[in-house]
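K.L.:
On the provided structure of chain A, position chain B as indicated by the hints.
Protein chains: 2
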Amino acid sequence: MHAEVVSVGTEIMLGEITDTNAAFIAGALPQFGIDLLYVSQVGDNPGRMREVIGRAWKRSDYTFITGGLGPTEDDITREILAEVLGETLEVDAEQEQILRARMTRPGYSMPERNIKQAMLIPSARALANPRGTAPGWWVERGGKVAVLMPGPPAEMNRMWAQEVASELERRADSILVSRTLKTTGLGESTVDEMLSPLLKNSNPSVGIYHRADGVHARITAKAPTREQAWTLIRPLEVEARRILGPYVWGQDDESLSASVGGMLRDQRLTLALMESATGGALGSAITDIDGASDYFHGSLVTYATQAKIANGVPAEVPTVHGVISRETAEAMAKAAREHLRADLGLGITGIAGGMEVEGQPPGTMHIALYDGEEFVYSHSRYYQGREAAKRRAVLSALTLLRNYLMQRAGAELG
Amino acid sequence: MHAEVVSVGTEIMLGEITDTNAAFIAGALPQFGIDLLYVSQVGDNPGRMREVIGRAWKRSDYTFITGGLGPTEDDITREILAEVLGETLEVDAEQEQILRARMTRPGYSMPERNIKQAMLIPSARALANPRGTAPGWWVERGGKVAVLMPGPPAEMNRMWAQEVASELERRADSILVSRTLKTTGLGESTVDEMLSPLLKNSNPSVGIYHRADGVHARITAKAPTREQAWTLIRPLEVEARRILGPYVWGQDDESLSASVGGMLRDQRLTLALMESATGGALGSAITDIDGASDYFHGSLVTYATQAKIANGVPAEVPTVHGVISRETAEAMAKAAREHLRADLGLGITGIAGGMEVEGQPPGTMHIALYDGEEFVYSHSRYYQGREAAKRRAVLSALTLLRNYLMQRAGAELG
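Protein chains in written order, with the working numbering: chain A, 5 to 418; chain B, 5 to 418.
Isolated chain A (complex conformation):
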């Protein structure tokens, strides 16, 4: 099955918004065995829309169109698709009722121009849009399908999940399922070599990808049903986990801070931070996870050296060793642990800006962890601008934490 995506909107052509809908749909199609061959973006222009949508309908089994379903005169996607199919738009009584109920509030009645959002053509059935006023369309004729969805990503994603995906799954000859194992501490070529016995399979297949949070191994299987695909994946996943062992820190959509949070909770440990160069970004990443208050006591963002000292870093440490040093990171970890009364303290000091400090280059980060008995330390150097340096330091700190917690869990087991 061949598919095409068309995203409609003059804002896209002016670069005012990035079309993320196309990438969303592209990422969702492979699991249904549908090959996406073309993606196009076009402005709210009747002639060009007719051309692009007409070509898509002609050459593709599935045409997914987003945008241009609003109530204004510019929003003409329904009209153009009706024209391409040679069908007539008519107000659908049921859709009109839903729309009026939705838009009428005390003292406010629906503007008449909105009525076009309740229109259908004979080949279309409506797709519910609980997050907006414009229903989508599922159009089917002569073995071809066109799906119209609203442009706002929150509306489109919800409609996809609730209406479109299940319909595509029902029709699919085969389903593609994948499981991603996320690793840290290994290079791409090392993971590739470790998994080489598994890489020869074509179904399930294994792919290795380098990502910002480490190297990912993705196991993908194709089968007539979702259950059968999982049956193919499972033994390979077990084998890959056995080979990669403690280097796997998470799977699929899991984030490093969720993984660390889960381990802290399992081991009944609490955490406190003292952050300098990251300015609070590590605390923010940790508190992006629901329930972080179970294990996270807080972070002392001691940007000024004076603030470090006020929070328990002995004044002589930065004086003797420098602010950007292993010793200061360790003193910060110790002070955070004591001051915020946590089991583990972690300190980060480094350079997020583009200038050398104390003879050390931009991007240098010293990270130390203290558990009351011993220190664990790592340092890194990465510079592609201030925000990237902070982001990378956050990943390094989470990796240090994770490796420590892994080892501790292993020690407790052993």
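Hints are computed from structural coordinates only; laboratory data are not their basis.
Just so you know, even glycine gets a beta-carbon here, dropped at the ideal spot from N, CA and C.
Heads up, a few of these hints could be off.
A short, non-exhaustive set of chain B residues, derived as facing chain A with CB atoms under 7 Å [said to hold, decoys possible]: (1) ALA27; (2) VAL43; (3) TYR112; (4) ASP292; (5) ASP294; (6) HIS301; (7) GLY302; (8) ALA308; (9) ALA311; (10) ALA319; (11) VAL380; (12) HIS383; (13) GLU391.
Computed far set for chain A versus chain B, every beta-carbon distance over 10 Å [as the list claims (entries may be wrong)]: (14) GLU279; (15) LEU304; (16) VAL305.
P.N.:
Just chain B now, kept in the frame of chain A:
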């Protein structure tokens, strides 16, 4: 002049990466008076690439192509464009020399397959790529132009800035320039009404846009040169600034944290925070700005109530008034100011998670600022998930700070 963008890469068609290059180019073209009519994405497939690139070359004055310039067999954009133009690829001696110099290191010589990156066709001249191995192409024939650029955004953006933009500006009949004024504290329709006397102009024109950090007013002018366009913009900008007065907090790419940082520096004031629900995100936003250490002392991320008390919040305040309360936010502001010895202290307490706490709904945020004499307070309620709630609270806190600093500057002047 009509343009078309073609982004090449199978990863795009699989949804593994979002094509941000197309949006970047789309946003850059209007200033040169070039209308972007079509954008397409296509995988690394010879037949479909030939079709899409062939059509673009035929119907557009400018065709901008990104991706597929790497050294592997999949990277065939050069070959396809050569085919479309009926020209022959040949190794260019100068490009070969640059490439070999770049890729040869002690103990490592250039793999021979890389040589194709040094190839040109007669109608093409090379565009330097200081961030990668693949040079771009500027192709010109029969009044039409095709520009080939590498897919990685860092390489593409640099090549655009250093090679492509100046060439487009040189050829442009007219240049479009715009100035964006960013406001806070006013609704979209209010800004629209206030600026209505200016909205009738067509050159310069004024557009009003609702964005996450407030309402933006964009003044755009078209003229034969950049200088002439600015001459058209300036009087309107002066007038818009007069009308909007203190509601304007920044312009163009400026961020709210940069604006607040500049005001703190100008007024020689220092800032300390105590953050709870934002988990460090406010400190992180403030330290995204170069030189923040001039005015930012730090943030006490007191996620646990016990940590608030350990950092100077009187234990009875959260007990009597609740942790999620104006009184606790004020006590946090006061404690941050004292503990980190800053001129201003700011406290945030609230609910980032999706559950009610102390009878208050998700997204509730209490924000207080203390300058040693009086408190300023704001509260907000916004919930579209945890990360959005944190982001919105950061904007609210920066807005509170900005309004305080504005008033203070006014009082000093007055």
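K.L.:
For each hint, tell me whether it holds in the structure or not.
P.N.:
Status of each hint after checking the structure:
About 4 Å separates the beta-carbon of ALA27(B) from the nearest beta-carbon of chain A, less than 7 Å, and the hint is met. Look at VAL43(B): its Cβ gets to within about 4 Å of chain A, closer than 7 Å, so that hint holds up. Evaluation of the TYR112(B) hint against chain A yields a violated restraint, the C-beta minimum of about 15 Å exceeding 7 Å. At a threshold of 7 Å, the smallest CB-CB gap from ASP292(B) to chain A is about 6 Å, leaving the interface hint in force.
Interface restraint check: ASP294(B) against chain A, minimum CB-CB distance 6 Å, threshold 7 Å, status holds. At its closest, the beta carbon of HIS301(B) sits 5 Å from a beta carbon of chain A; the interface hint therefore holds under the 7 Å criterion. Contact between GLY302(B) and chain A, as hinted, is supported at the beta carbon level, the nearest pair being about 4 Å apart and thus within 7 Å. The restraint placing ALA308(B) at the interface with chain A holds, with a minimum CB-CB distance near 5 Å, inside the 7 Å limit.
A hinted interface residue such as ALA311(B) counts as satisfied when its beta carbon comes closer than 7 Å to some beta carbon of chain A; here the least separation is about 4 Å, so the hint holds. The beta carbon of ALA319(B) is not positioned within 7 Å of any beta carbon in chain A (closest approach about 14 Å), and the interface hint is therefore violated. Taking 7 Å as the C-beta cut-off, the interface hint given for VAL380(B) is violated, the closest approach to chain A being about 22 Å. For the restraint placing HIS383(B) at the interface with chain A, the shortest Cβ-Cβ distance is roughly 20 Å, beyond the 7 Å limit, so the hint is violated.
Interface restraint check for GLU391(B): the shortest CB-CB distance to chain A comes to about 6 Å, inside 7 Å, so the restraint holds. The non-interface label for GLU279(A) is inconsistent with chain B: the shortest C-beta to C-beta separation is roughly 7 Å, within 10 Å. The beta carbon of LEU304(A) is not kept farther than 10 Å from every beta carbon of chain B, the shortest such distance being approximately 6 Å. With a cut of 10 Å on Cβ distances, VAL305(A) falls inside the contact zone with chain B, its closest approach being about 4 Å.
Going down the numbered hints, you'll see the structure goes against 3, 10, 11, 12, 14, 15, 16, while the others check out.
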